[in-house]
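Asker: The residues making up each chain are set out below.
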Amino acid sequence: MNPAAASQRRFAPGDRVTVAHTHPPGHRRIPYYIRGKSGLVERYCGAFPNPEELAYGFDGLPVRHLYRVRFQQTDIWPAYNGPTHDTLDLEVYEHWLSPVEEDVS
Amino acid sequence: MRRYHDMGGQPAGPIDTDDHYTEPWAKTLTAIVGALREQGLSRVDELRRHIEDLPPQDYDRPYFERWAEAICDLLEEKGLTSRAEIEARMATIKAELEARP
Chain A
711 MNPAAASQRR
721 FAPGDRVTVA
731 HTHPPGHRRI
741 PYYIRGKSGL
751 VERYCGAFPN
761 PEELAYGFDG
771 LPVRHLYRVR
781 FQQTDIWPAY
791 NGPTHDTLDL
801 EVYEHWLSPV
811 EEDVS
Chain B
4 MRRYHDMGGQ
14 PAGPIDTDDH
24 YTEPWAKTLT
34 AIVGALREQG
44 LSRVDELRRH
54 IEDLPPQDYD
64 RPYFERWAEA
74 ICDLLEEKGL
84 TSRAEIEARM
94 ATIKAELEAR
104 P
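First to last, the sequence lines map onto chains A and B. Taking this note's numbering, the leading residue of the first sequence gets 711, the next gets one more, and so forth. Taking this note's numbering, the leading residue of the second sequence gets 4, the next gets one more, and so forth.
Don't take each hint at face value.
So the derived label-pair ranges between C-beta atoms look like this [stated by the list, open to error]: (1) Gly11/B <-> Arg753/A: 16 to 24 angstroms; (2) Ala722/A <-> Glu88/B: 51 to 59 angstroms; (3) Arg92/B <-> Thr784/A: 50 to 58 angstroms; (4) Glu80/B <-> Pro809/A: 55 to 63 angstroms; (5) Ser748/A <-> Ile18/B: 47 to 55 angstroms; (6) Lys97/B <-> Thr797/A: 47 to 55 angstroms; (7) Gln718/A <-> Thr95/B: 24 to 32 angstroms; (8) Arg753/A <-> Met93/B: 44 to 52 angstroms; (9) Ile96/B <-> Pro734/A: 25 to 33 angstroms; (10) Tyr754/A <-> Glu101/B: 15 to 23 angstroms; (11) Phe67/B <-> Arg778/A: 46 to 54 angstroms.
Worth flagging that the hints you see were computed from the coordinates, not collected in a lab. Since we're looking at a predicted model, the values are computed, not measured. No residue lacks a Cβ here, since even glycine has one placed at the ideal position from N, Cα and C.
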């Protein structure tokens with residue numbers, strides 16, 4: 711098995727996902743404001759070396775799956791006063807995402 | 004805890020969208036960064052890490068000054084040169100320029 715190859719993808723467009731609500735040390739590219747927020751996978755972007763590892767001079771392998779996730783602005787900012795249909799797209803690596811069960815109320 | 008550079012959504016003033024003059028040293032710095040990448044000596048993520056690790060008083064400096072600080076840290080970390088060596092060379096160049104008639 712090629713150690714650089716990506717694992718199987720966990721998510722597909724339309725899946726509801728939550729960004730990990732965690733603040734580990736190290737070089738993390740996930741903005742503070744989006745941690746713990748949920749959105750919908752808009753598209754799969756491909757698999758790329760992990761920038762969290764590249765930042766320390768490692769090869770970033772195995773590659774990680776990257777998704778574009780669409781969030782509702784009103785979910786991100788409690789005091790958001792723009793149109794309620796406003797959204798924000800953010801590209802997030804798979805290891806920061808976990809699935810959200812649609813039927814949980 | 005939110006880190007200093009991670010300022011998305013924080014209150015901020017208006018953005019100056021006017022074109023501005025780029026100092027020649029900033030272009031030289033850009034060329035150095037390009038050369039380091041070309042030689043496989045550094046990656047964009049490494050430079051970003053050093054920029055984001057700058058203390059607030061340095062992070063608040065203009066864009067290319069931030070780069071200059073981060074590149075010094077990066078070169079030192081990699082053992083390619085040291086901040087002391089860079090500063091000594093800067094002092095030499097400055098003295099030479101000042102000695103010109």
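Asker: Check each numbered hint against the structure and report the violated ones by number, ascending.
Answerer: When the structure is compared with the hints, numbers 4, 5, 7, 9, 10 and 11 turn out to be violated.
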